[in-house]
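Here are the chains, one letter per residue:
2 protein chains.
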Amino acid sequence: MNIGIVGLGLIGGCLGLDLRAQGYKVFGVSRRESTCQQAIALGVADQASVDLAILAATEVIFLCTPLAAILPTVEQLIPYLSPNTVLTDVGSVKAPVVEAIAPLWSNFVGGHPMAGKTDSGIEAAQLNLFALKPYVLTPIATTPAAAVEVVEKIARSLQATIYHCRPEEHDRAVSWISHLPVMVSAALIAACMSETNPDVLVLAQQLASSGFRDTSRVGGGNPELGMMMARYNRQELLRSLQHYQHHLEVLIDLVEQENWIALKQQLESNHLVRSYFIDE
Amino acid sequence: MNIGIVGLGLIGGCLGLDLRAQGYKVFGVSRRESTCQQAIALGVADQASVDLAILAATEVIFLCTPLAAILPTVEQLIPYLSPNTVLTDVGSVKAPVVEAIAPLWSNFVGGHPMAGKTDSGIEAAQLNLFALKPYVLTPIATTPAAAVEVVEKIARSLQATIYHCRPEEHDRAVSWISHLPVMVSAALIAACMSETNPDVLVLAQQLASSGFRDTSRVGGGNPELGMMMARYNRQELLRSLQHYQHHLEVLIDLVEQENWIALKQQLESNHLVRSYFIDE
Chain C
1 MNIGIVGLGL IGGCLGLDLR AQGYKVFGVS RRESTCQQAI ALGVADQASV DLAILAATEV
61 IFLCTPLAAI LPTVEQLIPY LSPNTVLTDV GSVKAPVVEA IAPLWSNFVG GHPMAGKTDS
121 GIEAAQLNLF ALKPYVLTPI ATTPAAAVEV VEKIARSLQA TIYHCRPEEH DRAVSWISHL
181 PVMVSAALIA ACMSETNPDV LVLAQQLASS GFRDTSRVGG GNPELGMMMA RYNRQELLRS
241 LQHYQHHLEV LIDLVEQENW IALKQQLESN HLVRSYFIDE
Chain D
281 MNIGIVGLGL IGGCLGLDLR AQGYKVFGVS RRESTCQQAI ALGVADQASV DLAILAATEV
341 IFLCTPLAAI LPTVEQLIPY LSPNTVLTDV GSVKAPVVEA IAPLWSNFVG GHPMAGKTDS
401 GIEAAQLNLF ALKPYVLTPI ATTPAAAVEV VEKIARSLQA TIYHCRPEEH DRAVSWISHL
461 PVMVSAALIA ACMSETNPDV LVLAQQLASS GFRDTSRVGG GNPELGMMMA RYNRQELLRS
521 LQHYQHHLEV LIDLVEQENW IALKQQLESN HLVRSYFIDE
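If you're matching them up, the sequences are chains C and D in order.
Take the first sequence: its position 186, counted from the start at 1, is 186 in the working numbering, and no numbers get skipped.
Add 280 to a position in the second sequence, counting from 1, and you land on the number used in the working numbering.
Any given hint might turn out to be false.
Chain C regions said to be covered by chain D (calculated; three or more residues, Cβ under 8 Å) [as the list claims (entries may be wrong)]:
| hint | segment |
| --- | --- |
| 1 | 16 to 28 |
| 2 | 78 to 86 |
| 3 | 145 to 155 |
| 4 | 188 to 197 |
| 5 | 269 to 279 |
A few chain C residues that face chain D, going by a derived Cβ cut-off under 8 Å, partial list only [claimed, not checked]:
| hint | residue |
| --- | --- |
| 6 | 40 |
| 7 | 42 |
| 8 | 102 |
| 9 | 103 |
| 10 | 104 |
| 11 | 105 |
| 12 | 106 |
| 13 | 162 |
| 14 | 184 |
| 15 | 209 |
| 16 | 217 |
| 17 | 243 |
| 18 | 252 |
| 19 | 257 |
| 20 | 259 |
| 21 | 260 |
Calculated from the structure, these hints are not laboratory results.
Glycine included, each C-beta is placed from N, C-alpha and C at the ideal position.
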């Protein structure tokens, strides 16, 4: 099977490596000629071009561009597609993507492989990034079952764990566990810098260790990605932020009232509840 | 030199292992006889007892109990001490400890080795826990320079990086980088559990990965320790929480106003600023 990948960054690059390793023939498209050459050199694609016409012979195309580029990419791509070509994307927000693309291309399946790493770009591409990681598919009522099957089969071949849900459910769920943490963590970094005593600020910087490192990681991560998550998942993010503010106020009240028993109970509950989200 | 350790948990246990490895003779005290036996078996102490009288022959004593037990421990310990015995503690909050102990024992040096691990208790004790980690000493105007030198020499022998500051400076600095993150992270866990759609809650739990894991780690950590930090560093924690609330509101306003340029700028600033705190 011939598979196309538009957007040869970290995710597109990792997909290409894995798919070629399974015997798929991969056609890559990047805006930059130098990235196309890198894709060939790194083994991410069999053929690569800045021209979408290279994808005319593909049966499935993965849209791996930033969120804002998905719609314009599909609009430019349509002239080259046969009606059976299946399109799927890897965007981290699903409802706006599905709403925009489904009316233009019925064989479209929204997707979100939930894997990543700190480094970005095709240079950071590696095999097996998606193995044992969630891969969410968000078909809607009008999505042909055959198109879903095709994408799911490929996603399974990456050793990913497949989940199906509605686009809106996906966006609400990732708001809690992915987008809210970015904002919570970003506010922590900004707050620490507001210390006005320079001796204390320097001391805080010297003493910061694993607790600060972990809690501040996603808030100090890729700024473009953080902004795009907020932009495309704005309503859900604002909703989860409101809930967050409430729960923060509850904790602050416990400290103000010196209600140490209730504070400890809340922290005990957290310890248990976190294990529902994370195995470690 | 004979060194005493009161409180044979993780920190006391690690101290004992390191100090014995350097040739110090270590006398341990625990409330429980079984822990005393473990301390001998694990090589944490040369001698161990539930009776503070065992410490009569020591020159330096590390107080490694929970914060609340430091003052009563010192009160019980004083009858056994010679005037030259140096006391030091390892508590994570310094001003209340120094204020309570300094009037009782002039040869007291507040200290805070900033090392830890997820597991607690003497079973988790290991060599070199303090190596390359900050070790803060908080002498005050009345602390004899000779007492500070003795503690500092021992702390250096653990390969720790020594910092000196006032107790209040320590407490404000650790509020930013250690205690505030606990509350920020705790509110995240509590907020996620407030999702009322059970399908979305289960999906969020299934999809949670490294971002949620890291941001929620300290908020799902040791409940007793989290509560004690808040209790003993209450004023500084409340102050940093107020700043945090303000910076969170600023971010929320940017999302509400769809000011994506300013949001991206804030995230870019965070990315840079975080590198002042954390090397990675």
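Outcome of the hint check:
Only residues whose beta carbon comes within less than 8 Å of a beta carbon in chain D count, and the segment 16 to 28 of chain C has 0; fewer than three means the coverage is violated. Coverage of a stretch by a chain is defined here by at least three residues with a beta carbon nearer than 8 Å to that chain's beta carbons; for the segment 78 to 86 of chain C and chain D the count is 0, and the condition is violated. Given as covered by chain D, the segment 145 to 155 of chain C fails the check, having 0 residues with a CB less than 8 Å from a CB of that chain where 3 are the minimum. Here's how the segment 188 to 197 of chain C fares: 9 of its residues keep a CB closer than 8 Å to some CB of chain D, so the rule of at least three is met and the hint holds.
Requiring three or more residues with a Cβ within less than 8 Å of a Cβ of chain D, the coverage given for the segment 269 to 279 of chain C holds, as 9 such residues are present. Among the interface hints, the one on residue 40 of chain C is violated; its C-beta lies about 31 Å from the nearest C-beta in chain D, farther than the 8 Å criterion. The beta carbon of residue 42 of chain C comes no nearer than 24 Å to any beta carbon in chain D, farther than 8 Å, and the hint placing it at the interface is violated. A distance limit of 8 Å between C-beta atoms decides the matter here; for residue 102 of chain C the minimum to chain D is near 21 Å, and the interface restraint is violated.
Look at residue 103 of chain C: its Cβ only gets to about 24 Å from chain D, farther than 8 Å, so that hint breaks. With a least beta-carbon distance of about 25 Å to chain D, the hint placing residue 104 of chain C at the interface is violated under the 8 Å criterion. With its C-beta approaching chain D no nearer than about 26 Å, residue 105 of chain C sits outside the 8 Å limit, and its interface hint is violated. For residue 106 of chain C, the interface hint is violated, the least distance from its beta-carbon to any beta-carbon of chain D being 26 Å, above 8 Å.
For residue 162 of chain C, the suggested interface contact is broken, since its CB lies about 11 Å from the closest CB of chain D, more than 8 Å. Annotation: interface hint on residue 184 of chain C holds; nearest CB of chain D at approximately 5 Å, less than 8 Å. For residue 209 of chain C, the shortest C-beta to C-beta distance to chain D is roughly 6 Å, which falls under 8 Å, so the interface hint holds. Nearest Cβ of chain D to the Cβ of residue 217 of chain C: about 5 Å, under the 8 Å cut. The hint holds.
Checking residue 243 of chain C against chain D: minimum C-beta separation of about 5 Å stays under 8 Å; hint holds. At about 5 Å, the closest approach between the beta carbon of residue 252 of chain C and any beta carbon in chain D falls short of 8 Å, and the interface hint on this residue holds. About 11 Å separates the beta-carbon of residue 257 of chain C from the nearest beta-carbon of chain D, more than 8 Å, and the hint is not met. For the restraint placing residue 259 of chain C at the interface with chain D, the shortest Cβ-Cβ distance is roughly 10 Å, beyond the 8 Å limit, so the hint is violated.
Satisfaction of the interface hint for residue 260 of chain C is found here, the shortest Cβ-Cβ separation to chain D being roughly 5 Å, below the 8 Å cut-off.
In terms of the numbered hints stated before, the structure departs from hints 1, 2, 3, 6, 7, 8, 9, 10, 11, 12, 13, 19 and 20, listed from lowest to highest.
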